[in-house]
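Those sequence lines, one after another, are chains W and Z. Numbering (our numbering) for the first sequence: 3 to 459. Numbering (our numbering) for the second sequence: 568 to 1004.
It is worth saying that the hints were derived from the structure and are not from the lab. It cannot be assumed that every hint is accurate.
Here are some chain W residues pointing at chain Z (derived, C-beta under 10 Å) [said to hold, decoys possible]:
(1) N153
(2) K256
(3) A371
Below, simulated BS3-like cross-link-like pairs (lysine-lysine); rule was C-alpha separation at most 30 Å, straight line [unchecked claim]:
(4) K330(W) <-> K645(Z)
(5) K359(W) <-> K649(Z)
(6) K701(Z) <-> K347(W)
(7) K644(Z) <-> K359(W)
(8) K347(W) <-> K330(W)
(9) K899(Z) <-> K186(W)
(10) K138(W) <-> K899(Z)
(11) K649(Z) <-> K330(W)
(12) K197(W) <-> K272(W)
(13) K417(W) <-> K346(W)
(14) K899(Z) <-> K454(W)
(15) K137(W) <-> K808(Z)
(16) K808(Z) <-> K625(Z)
(17) K644(Z) <-> K790(Z)
(18) K346(W) <-> K649(Z)
(19) K435(W) <-> K899(Z)
(20) K999(Z) <-> K454(W)
(21) K330(W) <-> K625(Z)
(22) K791(Z) <-> K645(Z)
(23) K186(W) <-> K999(Z)
(24) K347(W) <-> K649(Z)
Interface residues of chain W toward chain Z, partial, derived using beta-carbon atoms under 8 Å [what the hints assert, rightly or not]:
(25) K138
(26) A149
(27) Y390
(28) N393
C-beta atoms are modelled at their ideal positions from N, C-alpha and C, and glycine is treated no differently.
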Amino acid sequence: MRLLLITLLVASCAAQVKLPPYTKHTLPNGVTLLLMPRSELPLTTVTAVFRGGAEAEPVAGLASVTAELLERGTPTKSTEQIALAFDSLGATLNTRATDSTVTIATEFLSRDSSAALPLLAELVQQPTFPEDEVKKVLAQYLDAARALRDNPQAALGVAYRRFFYGPGHPYARPLSGDESSLPKITRASIVDFQKRMLVGRNLTVVAIGNFTTSGLLPQLTAAFAALPAGTAYQPIADPGIARAAKPRLLLIDKPDATQTYFFIGQPGIKRGDADQVPLQLVNTLFGGRFTSMLNDELRVNTGLTYGANSRLDLNRLTGGIAISSFTKTETTERTIDLALGLLKKLNETGLAANGLKSAKAYTKGLFPADRLETNEQLTQVLTEIELYGLNRGEIDDLFSKIDSITLERANAVAKARYRTDGLVFVLLGNAAKIRDSVRKYAADFTEMPIAKLGLEP
Amino acid sequence: MLRFFAVAWLAALLLPAQNLAMKKHVLANGMTVIIHEDHDIPNVALYFFYKVGSRNEKPGTTGVSHFFEHMMFNGAKKYGPKQFDIVMEDNGGRNNGYTTRDVTAYQDWFAKPALNLILDMEADRIRDLAFDPKLVESERGVVYSERRLSVDNSPDGALDEQLWAAAFTAHTYAWSPIGWPSDIEGWTMADLKEHFSMGYAPNNCVLVMSGDVTEAEALALAKKHLETIPRRAGPPPVRTKEPEQKGERRVVLNRPAELPLQMFAFHVPATSHADTPAIELLTTVLAQGRSSRLEQRLVEREQLALTVQAFTNEAIDPTLWNFYIQPRAGIKTEQTEAALYSEFERVAKMPVDDAQLRKAKSQYLASFYRQMKTLGGKAGLIGGFEIFHGDAARLNDWPAKIEKLTAADLQRVAKAYLTEQNRTVATLVPTKESTKE
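Generate the whole structure from the sequences, applying the supplied hints.
Structure, rendered in structure tokens:
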């Protein structure tokens, strides 16, 4: 089906791509099923997505640990037997928590659905959380949290979330927990989270692959019909992000670091915001591709770094916009100064018409390969549509939305969203060498040794 | 029983279904062009593989292949500095490049209408690359930053560099493609020019075109843009052969870290060797998936390690079979090491049972086919088989080679390669972090 559609597109890269057809079904226990048949490869991907995730956890890491433990014990199977069952089919099995979901996914040869689906359903519906597995997983997570300090970029990411979102915000917590949160997780808290969150009314099952809907629907229905309906998760209201009155800076000291890694953040938007499409175009030009303003200046013109970019969070709750780069210790100040100069330039001068035209062509040209090529990409698209209350217009109307963005609109968004006041800086590097030069960015200055990262109360 | 069906089906059904159709042509100047038509999405992946990498370098200019990869984006005759990226992005495309010990690869992904333009830009830089001294200096800074990111400030990168340096005493695989710091600081314009004229001959290049093209139009465009580039000598053969290792080598890296890290390497033949399928499948038995032997033993049952990985690299010359272990906190590296060796002994002494063999084949073949999910994945597979196995078409015979393997084949390669005398061990020993400068 997609083949036909796409053949028509060859004439022009700007022609609208369409989301392949899919159907939606609801089971009596509230489970939503989304089925999208595709025939390219003899593989089927089935993903169980529970609403809630880390934003619904009382302690950091609980959602991730619970997800991990779904593949570690049912009334009939041990961890090893579960792994053996999937590995023997040549199937993958992945569990994870995000800020707003707990997911468990498998990809198997389409022919094996009658073996793989009941296995997946057993993990989803009958986890036993054996005490020894709980202990093992918590100990592994604790070691991983410590090892995080050996990886500057990952450590910076965790520190940035905490500092940017601030106390009490669910996105401030490290998804995998840390040394102060993990010891608080018990088997009882895991069971409680599972009983409360992993219920029918929170579950969407996305199936994409080489099957017929009439063939797979009864199998999926049978597999997930027994899940208790439970109570639908009531998501917390978006607390938003207030722009700081004064810039804030956190410096994490890693004395052996030979380069400084940094984020410079400010408030952004949430997924589905009216400014989303123009903001994505502006961000592409500011720091979302190789020729972007940031990468062009910090990498291409000056050779200060291997890469510089601007990240735009698009989650259920309002997120941030963050400049991100790294440079050798000695050029820390120069690099940050240049980045801030570009931010100011974008805010004051805006974009040129040919830049906007280029961002549009870039986004549309790569969109099929970025979002519609694999089962995993399409699963992500359908999950977002379901999770954020969107519809297929997200894809089907995207190109016309992009085309309709005028230079005035893009520049208004750039002006409003890319500001130079109230910025949040998080730096990781050799503090003894950079402390004095980076103080100027924020009167509100905090320093912390890397050994303390993850031990905050 | 279920497992048996799964495997039988893989062999009987998936194989014919997944034969990757391709057409290979050799242009008059010796450039190999392989075309794979796929009309699933309106996009194209173009991968250029130049058979030149850090294996073709000399002490003093290590890392120059990788540096050169960066310089290929800094302007040519028709498309000046920055134009390659600007024009590509203006037209709905994105690119990247990577350098290994054996190849330098350039990847372009773009909307189909840009095909003619992208080939024009690629031909321009292969034919008439410019060497602007100012850009050389700024790019040197970029590459050094990449080294600091991936090696100097990365426990894995730093230890891996030491591992290869210890395992190879003669062959140029000893250094990593990023190059030694003093060489990064020292490359000259002459080094760059020499590298270009050596490596970037059209007859030293494999081009894979994968995506929404027809064979006829893709070939015609490749000819139009690339066929007139003159043939050149190409890199001289790498003569040095690594002598057989006659005893264990150990290397220690002291650096601030939370946890130790261990890397074990064993010399194995080049990818084109007949033992490669058995080595690949034994790697799967040992370390792919939670049910694999090393995961079960080290991570799950004895809880000695946080992670275990095993892999080989595609390589033109004899290479390494690598095992990485991240020990758990409080575990002595001697414990993880002993457990690893006892699993090696087990596969050498006792044939893998039928169920495990079948499981490993299912896992291996399923992940082999998973590489075909994207246009880029297919281009990578095709190029890899053309260069490292001698013919891209062999990728369609590869599953059958895996299917045919017996427990005895796996036992044989375990005995042949996973030995003490053939072993190099690199250990990262954490030191207390100094708070002084």
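Results of checking the hints against the structure:
Evaluation of the N153(W) hint against chain Z yields a held restraint, the C-beta minimum of about 7 Å falling below 10 Å. About 8 Å separates the beta-carbon of K256(W) from the nearest beta-carbon of chain Z, less than 10 Å, and the hint is met. The beta carbon of A371(W) is positioned within 10 Å of a beta carbon in chain Z (closest approach about 5 Å), and the interface hint is therefore held. As the CA atoms of K330(W) and K645(Z) are separated by approximately 34 Å, the hinted pair breaks the 30 Å bound.
Proximity of K359(W) to K649(Z) is assessed by CA-CA distance (about 18 Å); at most 30 Å being required, the pair is judged to hold. Between the alpha carbons of K701(Z) and K347(W) the distance comes to roughly 25 Å, so the proposed pair stays at or under 30 Å and holds. Pair hint K644(Z) plus K359(W) holds up; C-alpha atoms about 26 Å apart against a cutoff of 30 Å. For the hint linking K347(W) to K330(W), the alpha-carbon distance of about 24 Å falls within 30 Å, and the restraint holds.
In summary, the hint linking K899(Z) to K186(W) is supported, as the alpha carbons are separated by about 27 Å, within the 30 Å threshold. Under the criterion of a C-alpha separation no larger than 30 Å, the hint pairing K138(W) with K899(Z) is consistent with the structure, at around 18 Å. In summary, the hint linking K649(Z) to K330(W) is supported, as the alpha carbons are separated by about 24 Å, within the 30 Å threshold. Straight-line distance between C-alpha atoms of K197(W) and K272(W) comes to about 29 Å, which keeps the hinted pair within the 30 Å bound.
As the CA atoms of K417(W) and K346(W) are separated by approximately 10 Å, the hinted pair is consistent with the 30 Å bound. Of the pairs offered as hints, the one joining K899(Z) and K454(W) holds, with about 25 Å between alpha carbons and a cut-off of 30 Å not exceeded. Between K137(W) and K808(Z) the alpha-carbon distance is near 50 Å, which puts this suggested pair outside the 30 Å criterion. At most 30 Å may separate the alpha-carbon atoms for a hinted pair to count; K808(Z) and K625(Z) meet this at roughly 15 Å.
Restraint check: the Cα-Cα separation between K644(Z) and K790(Z) comes to about 20 Å, which is no more than 30 Å; the hinted pair holds. Proposed proximity of K346(W) and K649(Z) is supported: the alpha carbons are some 23 Å apart, at most 30 Å. For the given pair, K435(W) sits about 35 Å from K899(Z) by alpha-carbon distance, which is inconsistent with the 30 Å threshold. Of the pairs offered as hints, the one joining K999(Z) and K454(W) holds, with about 14 Å between alpha carbons and a cut-off of 30 Å not exceeded.
For the hint linking K330(W) to K625(Z), the alpha-carbon distance of about 27 Å falls within 30 Å, and the restraint holds. Taking the CA atoms of K791(Z) and K645(Z), the gap is near 16 Å; set against the 30 Å cutoff, the hint holds. Restraint check for K186(W) and K999(Z): the C-alpha separation of about 28 Å stays at or below 30 Å, so the hint holds. About 21 Å separates the Cα atoms of K347(W) and K649(Z), which keeps this hinted pair within 30 Å; it holds.
Taken as an interface hint, K138(W) checks out: its beta carbon lies about 6 Å from the nearest beta carbon of chain Z, inside 8 Å. At its closest, the beta carbon of A149(W) sits 5 Å from a beta carbon of chain Z; the interface hint therefore holds under the 8 Å criterion. A hinted interface residue such as Y390(W) counts as satisfied when its beta carbon comes closer than 8 Å to some beta carbon of chain Z; here the least separation is about 24 Å, so the hint is violated. A distance limit of 8 Å between C-beta atoms decides the matter here; for N393(W) the minimum to chain Z is near 22 Å, and the interface restraint is violated.
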